[in-house]
Amino acid sequence: MAAFQLLVNGVALGAAYALVALGFVLVLNATSAVNFAQGDLVMAGGLLAVALAPLIPLPGIVLLPVVLVLMAGLGLLLALAAYLPLRRRPPVSVFISTIAVGIILQNGAAILFGPEPRAAPPLFGDDTLHIGGLAIPEQSLAIVAVAGLLIGVQQWVFARTQLGRRLRATAQDPEMARACGVPVTAMILVTFAIGAACAGAAGLLLANRYFVTPTSGGDLILKAYIAVTVGGWGSVPGAVVGALLIALFEVGVSSVLSYPMALGALYLTLLAILVLRPQGLFGEAVRRRG
Amino acid sequence: MSALLTIRNLTAGYGGASALDGVSLTVAAGETVALLGANGAGKSTLLKALLGLVPARGDLRFDGADLGPLATEARVRRGIGYVPEGRRVFPGMSVRDNLEVAGLSAARDRARDVERVFALFPDLALKSGESAWRLSGGQQQMLSLGRALMGRPRLLLLDEPSLGLSPKLADEVFSAVGRIAAAGTAVLLAEQSAARALAVAPRAVLLRLGRVVGDGPVASLSEEVLRGAFFGG
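Order-wise, the sequence lines are chains A and B. In this text, residue positions in the first sequence follow the numbering used here: the first is 1, and each later residue adds one. In this text, residue positions in the second sequence follow the numbering used here: the first is 1001, and each later residue adds one.
Read the hints as simulated data drawn from the structure, not as lab findings. Errors might be hidden in some of the hints.
Estimated spans, in silico, between C-beta atoms of each pair [claimed, not checked]:
no., chain 1, residue 1, chain 2, residue 2, range
1, A, 267, B, 1211, 55 to 65 angstroms
2, A, 175, B, 1040, 41 to 51 angstroms
3, B, 1016, A, 211, 55 to 65 angstroms
4, A, 222, B, 1129, 31 to 41 angstroms
5, A, 89, B, 1209, 37 to 47 angstroms
6, B, 1015, A, 186, 25 to 35 angstroms
7, B, 1129, A, 272, 30 to 40 angstroms
For every residue, glycine included, the Cβ atom is placed at its ideal position computed from N, Cα and C.
Sequences and hints are given; from them, build the entire structure.
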C-alpha cells in the first residue's frame, strides 16, 4: 500500500519534471544551446500562478491556459534577448546569457514576492481520495493527467503537423531546413515559446504541493539536466523517461533515508551512468547512414 | 529563351578566402546546365551562394527579382530547389515527413506532391514510414531529390548527385534528373563526373579556381578546354 502511494507521488513529481526536461531538450535540439534559465522559468510560472490566483479566484486548471500563454511570451522575450543576438557567437555566450536571464528572474521574483515559500492553487481541489485503504491526493492525480495531456499534445503536434515537422527539421539540420523553405528563425522562436510554456506549466503544477520560492529554479535546472543526460543528450523520449526515473528514485530513496541522502544517491547514480553508459538510455538512437 | 537566373560578377568565399571570383552566367527557363570543374573549383560554393548559404557579393537575379536581400527560405519560396552534396536528409524523420516538410503548399496539394515524388521514385513509396537514416545511399539521394521537388521549383540546384553512389545507382539518379529536366524544370548541375553531366546537359559552364573558363553548348567546348577546367593548364 505504502509503496503504491509512493509510486503515485513519484509519478506525479516525475510528470512535472518531465515537462521541465521536455522544454529544456526542445530548445537544446533546436539551437544546440543549453538554456540555463529553464529552472527559473519554472519558478516564474509558479509565481505567475500565485500572482494570478487572487485575480482569477478559480481552480488552477483555469489558470493553466493563461500561464501557458504568458510564459510562451516570456520564452519569446528570452529568445529575442538572450539567444538571437548571440547565436553566431561561441556556444558559451548563450550559456552565460541564459544564466544571466535566470539571475534576473530570481532577483525580480525576490523583489516582487519576497523570499517566503508560496503555494499556487490546486488544479481541481486539494482533497485526498481514499481508495481501498490508499490515500491519494487529488492534486497528484491531476498533475499526472495534466502533464500527460500536455506532453501528449506536444508529441502530436511534433509528429503530425507541418509545424512539428518544421520544428524537427530545424532541430536536426537548420541549414538544410532553410534550404527546404523552413523559416528557421521563426521555428527557433516557437521552440523557446514552447519550452517556456512547458516550464510555466510545470511551475503551476509543482507550486501547490511543493511550494515555490525565487531560488527554487536552481534545483530544477539540475534535475532537467540530469534527466536529459540520463535519457540521452538530445533525446525527447529519453528526457521524459529520465525525468520520471529521477523522481521515482528521489521519492523512493528519500522515503527510506532522507531527501539530502536521496539527492546524494542521485548524483552518484548519475556519475555511474556517465561512466557506464555515457550516451544515456536512449542515446544514439538516430544515426546518419552514408 | 528568356533568362530565369542571371548571375553577374559574383564573388563569394569562406572567411577571408575567396572561392568565387567574378562569376557571371545565365540559366534559361527549362534549360539544363552542367557546372564542371575539379575539386575546389567553386561549384558547390556557387550553388550555396545562389541560395544565400554563404556570404556573396554581386548581382543575382531570379525571374527578374533581385535575390540579394532575400533570406535562404525566401529564395526557396521563389522557386529554387536545392539538392546538397552528401544528401543531408533529416535522419530522424520518416521518408514521408522528409518530403512533407519541404512542401510549401496547403496540406491537400502537399499530399499530391508527395504522391508525385513517389511515382518518380517508387522505392521511396515502399519506405514511406521508415526513418531516413535507414535508407541506402542511393535511396537517400532520391529522397533528397524528391524533397527538393516538393517546393515545385522552377530551378533545381544539384550538387554532386552521383558522389558516393555505385555506377548503377548513379545511373538511376541521373535518369531521374533527365526526367525532371524533360518536365520543364531548369537544372544547374554541379558534377565532377563530366561524362554523366554532359549526357543530360546540352550546355556546360566550366569553373577553375573560382572563375568561369568556358561556357557554351557541349559540342562547342573543346576537349582542351574541358581538360583545362579539371587539370589546369
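Violated hints, by number in ascending order, as checked against the structure:
2 and 5
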